[in-house]
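Going down the list, the protein sequences come from chains L and P.
In the numbering used here, each residue's number is its place in the first sequence (first place is 1) plus 469.
In the numbering used here, each residue's number is its place in the second sequence (first place is 1) plus 226.
FYI, nobody ran anything at the bench for these hints, they're computed from the structure.
We put the beta carbon where it would ideally sit given N, CA and C, even for glycine.
A few of these clues could be false.
Estimated spans, in silico, between C-beta atoms of each pair [claimed, not checked]:
hint, chain 1, residue 1, chain 2, residue 2, range
1, P, Gly382, L, Val510, 34 to 44 Å
2, P, Glu459, L, Phe529, 19 to 29 Å
3, L, Val519, P, Asp346, 48 to 58 Å
According to the in silico footprint, chain L covers these stretches of chain P (three or more CB under 8 Å from chain L) [to be verified]:
hint, region
4, 288-295
5, 354-363
6, 393-407
7, 419-430
8, 451-463
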Amino acid sequence: MDRRLHAFLLNAAVVAGACWAPTAAHAEDAVVAPAETPQVVEPRVARRDVKVPSIDTENFEAGLFVGTLSIEDFGSSFLYGGRIAYHFTEDVFAEATIGSARAGKTSYEDLSGSAKLLTDSDRQYTYYDLAVGWNALPGEVFFGGRRAMPSAVYLTLGVGSTNFAGDDHFTVTPGAGFRLLVTDWLAAHLDARDQLFDSDLLGKDKLTQNLQFSFSLTAFF
Amino acid sequence: MHLFPIILTLLLASLVPFGAGAADAETVEVQDPYIDLHSGPGRGFPVTQVVERGASVVLLRQRTDWVKVRTDRDREGWVNRKQLERTLTPDGAEVRLPGPAPDARVAHRWEVGVGAGDFDGADTVAVTGSYALTESLFVRADVAQLLGDYSNGWLGTAGIGHIFMPQWRVSPFVSIGGGVVYVEPNVTLVQASDRTNSTAYAGAGVRGFLNNRFLLQAEYRQFVIFMDTNDNEVINEWTVGFTHFF
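Okay, chain L solo, but in the shape it has when bound (with noise of 0.2 Å):
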């Protein structure tokens, strides 16, 4: 350690010599002409230029789905909504989502004939929801022999909020769903989801299930 001290220290002093001589030298030449000062030092280190390159960087994908929505008591209605997620990694995107339908008949309002629990401005079921996702199965899938495309199974878990019959509801929202990328930016989605919430419209609270089954189409961005 001593001796790479010393050689280090030596080597300094002839570096800083062989600078000092020259420039001593040359000092009166400087005085006439200040435009050719010669370099002191020549640093060692390269300097190192950093560029940001200007490439598309797509994180973010939106899109539009549709689909059946379960409404517990109220069958099931055509569903559509928007979507838009932010990729983080491969493996975690966050994501929220819009939806609506329209909510039908419960079994007694058919049965009985006249009577109607909801009015019609209260049968319109929307809702919004907030999830993170886990492409917990990334793979590819295969069309003949010359075709893959990158494809994932994930899982999602939401939380958010559903307009429906004069009330919101804090809705808890897990789900799955496959997505496959049919070109670098376009996305083709099968989503399953369960939309959970406390509701108290038949007299007594309860826990409903609201089974979403949806198809989509993203474009990444």
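Here the structure of chain L is known, so what remains is to put chain P in place on it, guided by the hints.
Leaving out everything else, chain P in the frame of chain L:
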């Protein structure tokens, strides 16, 4: 409710300019002994090509930690960001690709998170954002929807906070602030009117880093609701959330 078609239209409109592709592609020279080209943007996709040192590739697009490149033999594949960190541009500059820096835990500025919790018996869905003024001092803004049995509402707050040990994996933090709470009693109840009140809070919580991008936090805040009458209301809130920082 009326917002719904508008949001949907905006989403639809945002779809239009997609698929334009990478018009402004960049060429870089490989400096690692070799780089692996995977068939998809993930570590599990098989390596289909290898490009050696000195060869040049064109950067096409980036998705999370993966960059799609085209080789000079016109083959395409996805390369991990880390393998491209040591490539050079044609004029010798180093290439830096967007992504978290190694010191992101203490050096980051922005945090965005979602959470759920309990506000005096009502369930809450919260969106939070914060900006770091220094390593340990931050300003924050939160919006929460309150969903209770007897009333619903919204809570919007802004505040300032302090992280005690920003360099620790798990650290306590405190914050204070103020805001507005709007409460709307359920229609099924006896006649009661909507009300908007200002509020102030003091809170404490714990946050823990999961990796260089995420943290989990749990927080308790005590609110004082300033009522029109003379008796102010004190309300407790508990929240757990998932936060992304960058």
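Hints and how they fare:
For P/Gly382 and L/Val510, the Cβ-Cβ distance of about 59 Å falls outside the hinted range of 34 to 44 Å, so the restraint is violated. At roughly 41 Å, the beta carbons of P/Glu459 and L/Phe529 sit outside the given window of 19 to 29 Å. A hinted range of 48 to 58 Å for the beta carbons of L/Val519 and P/Asp346 is consistent with their spacing of about 51 Å. A count of 7 residues in the region 288-295 of chain P with a Cβ less than 8 Å from any Cβ of chain L is obtained; the coverage claim is therefore met, three being the minimum.
Counting residues of the region 354-363 of chain P whose C-beta sits closer than 8 Å to any C-beta of chain L gives 0, which falls short of three, so the coverage hint is violated. Interface restraint, the region 393-407 of chain P with chain L: violated (0 residues with C-beta to C-beta distance below 8 Å; minimum three). Beta-carbon proximity to chain L at under 8 Å applies to 0 residues in the region 419-430 of chain P; the threshold of 3 is not reached and the given coverage is violated. Counting residues of the region 451-463 of chain P whose C-beta lies closer than 8 Å to any C-beta of chain L gives 0; at least three are required, and the coverage claim is violated.
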